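Start counting the sequence shown at 1; every next residue gets the next number (full-length UniProt numbering).
Don't take each hint at face value.
Said to hold, decoys possible - 20 Å max Cα-Cα, derived PhoX-like pairs, lysine-lysine:
no., residue 1, residue 2
1, K45, K15
2, K45, K7
3, K168, K187
4, K129, K187
5, K187, K176
6, K73, K7
Quick caveat, the hints were computed from the structure, so don't treat them as lab data.
Source: prediction; values computed, not measured.
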Amino acid sequence: MGRVRIKTGAINYLKNSKYLLNTAKRYQDFVNNSKDIWLEIGNGKGKFISEIALENNFAKIIGIEKIATIQAKALKKIEKLELTNVRFILSDINNLKEWFQKSSIEKIFINFPDPWPKKKHHKRRLLTKELLLYYYQILKEEGKLIIKTDQKILFDFVLLNLSEKELKDKFFILKKISDLHQLTNEKIVKTEYEEKFLKLEKPVYYLEISKNIL
1 MGRVRIKTGA INYLKNSKYL LNTAKRYQDF VNNSKDIWLE IGNGKGKFIS
51 EIALENNFAK IIGIEKIATI QAKALKKIEK LELTNVRFIL SDINNLKEWF
101 QKSSIEKIFI NFPDPWPKKK HHKRRLLTKE LLLYYYQILK EEGKLIIKTD
151 QKILFDFVLL NLSEKELKDK FFILKKISDL HQLTNEKIVK TEYEEKFLKL
201 EKPVYYLEIS KNIL
């Protein structure tokens with residue numbers, strides 16, 4: 001019963017917040033034809049999205065998360081910071097395919113998604129061929145898909161999918177890094193998970209690709 005109450009409380013909290021977009025119309029009203037719409041798919045507890053929002057107040061940034069208790073924590077963080085350029089959606093990305101217009105998104109961030117290691121679960125990954133094709137459709141020309149993972153098996157899975165016939169001409173690889181924090185001096189905005197993981201001195205795999213102009 002405790003978990004049920006916590007989940008119900010999180011859902012009620014989210015529903016009563018101006019930061020939650022629960023219809024496609026509310027999403028469209030928020031972005032309002034903005035030229036800089038960014039998505040974080042699987043936004044976790046909100047550290048990453050809050051930091052990029054603070055640094056890029058010109059962008060309209062949407063966090064998508066399917067777990068209510070986690071999304072509630074992210075939303076509380078944004079409320080505390082009083083950020084006006086961030087909104088959240090409580091959903092699986094697969095249920096939102098009618099929300100986003102073609103060629104409308106400037107950037108998509110996917111940070112440390114569930115690797116779903118068992119073969120029978122690969123279709124649940126956020127980086128299947130089908131979803132990569134969907135990201136291609138909604139990205140603007142030269143729009144970016146930026147991926148971070150600690151799982152080499154998932155990194156290789158994405159690269160393999162990008163080499164397939166359906167995708168090989170659709171994206172251009174801008175950066176492919178096998179140990180992000182060792183090979184770059186650039187400032188890196190980290191997730192909560194990433195900060196914990198780095199203490200173990202394990203590599204973070206990074207892939208940045210852009211939509212090709214065909």
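Tell me the hint numbers this structure goes against, listed in increasing order. Of the numbered hints given earlier, those the structure breaks are 3 and 4, listed in rising order.
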